[in-house]
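Student: Assemble chain B with the ligand onto chain A, guided by the hints.
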Amino acid sequence: MEKFQKFTGIVAPMDRANVDTDAIIPKQYLKSIKRSGFGPNLFDDWRYLDRGEPGIDNAERRVDPDFILNKTPYKYAQILLARENFGCGSSREHAVWALTDFGFKVVIAPSFADIFFNNSFKSGLLPIVLNSTVVDQLFEELKAHEDYQLSIDLENQIVSNSAGAQIPFEVDEFRKHCLMNGLDDIGLTLQHAEQIKSFEQQYYQQSPWLK
Amino acid sequence: MTALTLYDKVWQQHVVRQEEGGTSFLYIDRHLVHEVTSPQAFEGLRINNRPLWRKSSILAVPDHNVPTTDRALGISDPVAKLQVDTLDENCTSFGLTEFKMTDLRQGIVHVIGPEQGATLPGMTVVCGDSHTSTHGAFAALAFGIGTSEVEHVMATQCLIQKKSKNMRVTIEGPVGKGVTAKDIVLAIIGKIGTAGGTGYAIEFAGEAIRNLSVEGRMTVCNMTIEAGARAGMIACDQTTIDYIKGRPFAPDEKNWEAAVSYWNTLHSDEGAVFDREVVIKGESIEPQVTWGTSPEMVVSVNGKVPNPANESDSVKSDGIKQALNYMGLEADEAIEQIFVDKVFIGSCTNSRIEDMRAAAAIAKGRKVADNVRLAMVVPGSGLVKQQAEQEGLDKIFIEAGFEWREPGCSMCLAMNADRLEPGERCASTSNRNFEGRQGQGGRTHLVSPAMAAAAAVFGHFTDVRKIN
Ligand code: SF4
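In order, the protein sequences belong to chains A and B.
Residues in the first sequence are numbered from 1 upward in steps of one, following the numbering used here.
Residues in the second sequence are numbered from 1001 upward in steps of one, following the numbering used here.
Rather than coming from a laboratory, the hints here were simulated on the basis of the structure.
Predicted model, so just to flag it, every value in this text is computed and none were measured.
Warning: the hint list may mix true and false statements.
As the list claims (entries may be wrong) - Calculated cross-link-like contacts (lysine to any residue; reagent style SDA-like; alpha-carbon spacing at most 20 angstroms): (1) B:K1254 <-> A:Q205; (2) A:K211 <-> B:I1241; (3) B:K1395 <-> B:D1070; (4) A:K176 <-> B:G1022; (5) B:K1009 <-> A:Q205; (6) B:K1163 <-> A:F199; (7) B:K1009 <-> A:P208.
To be verified - Some residues of chain A that are not near chain B, with every Cβ distance over 10 angstroms (derived): (8) G9; (9) G39; (10) R47; (11) A59; (12) P65; (13) K71; (14) T72; (15) P73; (16) Q78; (17) F102; (18) K105; (19) V134; (20) D147; (21) Q149; (22) N156.
Even glycine gets a Cβ: it sits at the ideal position worked out from N, Cα and C.
Next comes chain A alone, as it looks inside the complex:
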């Protein structure tokens, strides 16, 4: 995984609550056995006017010009500003892969669904929780400036805008560490293989029916 570094990027608004994983990446694309290539089908049902299927050339499809991510400058957005309960629904990590493949590095929302939140860190997407008043305010500022940009500083846990406003955010230490160093957490866990083995020994003695 790539190291997560400080950056400044365009913010795209997704102004609705409960954006679910079926909307983020519709099921027909889950038939893929790969981890990449989901970006062109991010928000497929909203982005295109015709029905998409895996294997179809997306460049040939009818695009909905009114959908936010089809407009300039949002086509190039790296930060998604969203509402409550973003990423609810299924466990499909494809939702995260579609967002990162499109170019997003950060999603800001007042709340996230648990599984989506967890999955994000595994693929280098940083979900930032800000309280809903702050999120409201960001939506307002975005409305006023089309090419609104934010800077994300994970190390210092600060979101800032060009006017100099600084908004702190919380992030779990362990996850921050993994994200900043691009660490594969399977490797980290396997460093404790002996401890897992000794746990097992005692565990199966206690619960032999699980063996």
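Tutor: Frame of chain A; chain B with the ligand shown alone:
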């Protein structure tokens, strides 16, 4: 000794290691695998040359992509076929237990786990699927994980987790006649909202929950994720133990007594503290129907579609407008006046034998209404199908004009050929009414199996309590 909740107990049993700040390595007992969320995980293992930590913990089955029509013909969609073939190949090369598409034991992953006795009380159960919460009905800690975590469990038998908070939802007193597990869980989601359980593990308790069969308890826990919580749990009791006895993966006689005596401790202690408590009176719950595009958009069958003008919060009011627009409904429309085009009885929420029986009881001696283009019943597993056929339920359905299909996820998420066309309205026993869930432009109303069967034979939503 401090009083512990059921969740606390099962969590504690499985902590291998705890980091500063509370991040824990949680040991995983059972890993269920299906074709959609596993290929990238197997690929990751191969690339990094990592072996599986504990093969015997894995049980695999294809379910999302399989056709529900004649299995002998194979899968016609080449992309879907590749995914199912990939699962078969991975299971063969890694030496895993898999129920292949043509195996009698094949079915929806959350139906077959319990059916085989592969889900046991006190276990940690994971699967790359959010409805893994279903298995919490056995006092197991069960939750859905993403593909990276699937790979993590395969390679280490552990998950890196932070403990959730505790919530208890108590249904006080019994529910009325004709009110099912599905109605209970929809009513709970209606009350706490789709984000109400975010960050919590929910324990379902109270008389109405205790009165449920294990099948009904699975229906309730299944939809915990729709309430925002990854895991839902119900205490172990004699009903649970009786269900497990004699199943293929259940403990053998030698270990049975020891297992049962441990299982009998799997309930929240007297005086255990919950971070949040919700209480609902059983008698207040009526048969439920969702009207919108989120499971929290739900009312009783005697209710009406809401009016956005009555909502003061502008985000909510916009949400209602968007949903009504997508669903093709008018504000204040009576639920019983809504006519449906299709009916789907199936999914990991409601495709077990009890669900088949409940739907058949309504279908018996009646005919599917003329305005209903397709009414389909998709049993949750080959064994459920066999049992239903032994009871003659298939004949009841077929005589009434329903289609009787092969097991799988089917129109719950429409990855196979079973789907809604744009604008079609469906009474469905599944768990998600999101936009496009059952097919692009399709309109889903979530209901219980009896309510779905009633919608099929009357052509519109009908209170099952009025039917003889
Ligand atoms: S039946 Fe539906 S909800 Fe259940 S596992 Fe299959 S697709 Fe998911």
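Student: Each hint needs a verdict: does it hold in this structure or not?
Tutor: Do the hints match the structure? See the list:
1. B:K1254 <-> A:Q205: 14 angstroms, holds
2. A:K211 <-> B:I1241: 19 angstroms, holds
3. B:K1395 <-> B:D1070: 18 angstroms, holds
4. A:K176 <-> B:G1022: 14 angstroms, holds
5. B:K1009 <-> A:Q205: Cα-Cα ~18 angstroms, so holds.
6. B:K1163 <-> A:F199: Cα-Cα ~19 angstroms, so holds.
7. B:K1009 <-> A:P208: 18 angstroms, holds
8. G9: With a cut-off of 10 angstroms, G9 (chain A) remains clear of chain B, as the shortest Cβ separation is near 24 angstroms.
9. G39: 16 angstroms, holds
10. R47: 12 angstroms, holds
11. A59: 19 angstroms, holds
12. P65: 19 angstroms, holds
13. K71: 20 angstroms, holds
14. T72: 25 angstroms, holds
15. P73: 25 angstroms, holds
16. Q78: The claim stands: Q78 (chain A) keeps its Cβ more than 10 angstroms from every Cβ of chain B (closest is about 21 angstroms).
17. F102: Given a closest Cβ separation of 18 angstroms, the condition holds.
18. K105: Check passes; 17 angstroms lies beyond 10 angstroms.
19. V134: 15 angstroms, holds
20. D147: It holds; D147 (chain A) is separated from chain B by about 25 angstroms at its closest Cβ, greater than 10 angstroms.
21. Q149: 25 angstroms, holds
22. N156: The claim holds: N156 (chain A) sits with its nearest Cβ about 18 angstroms from chain B, beyond 10 angstroms.
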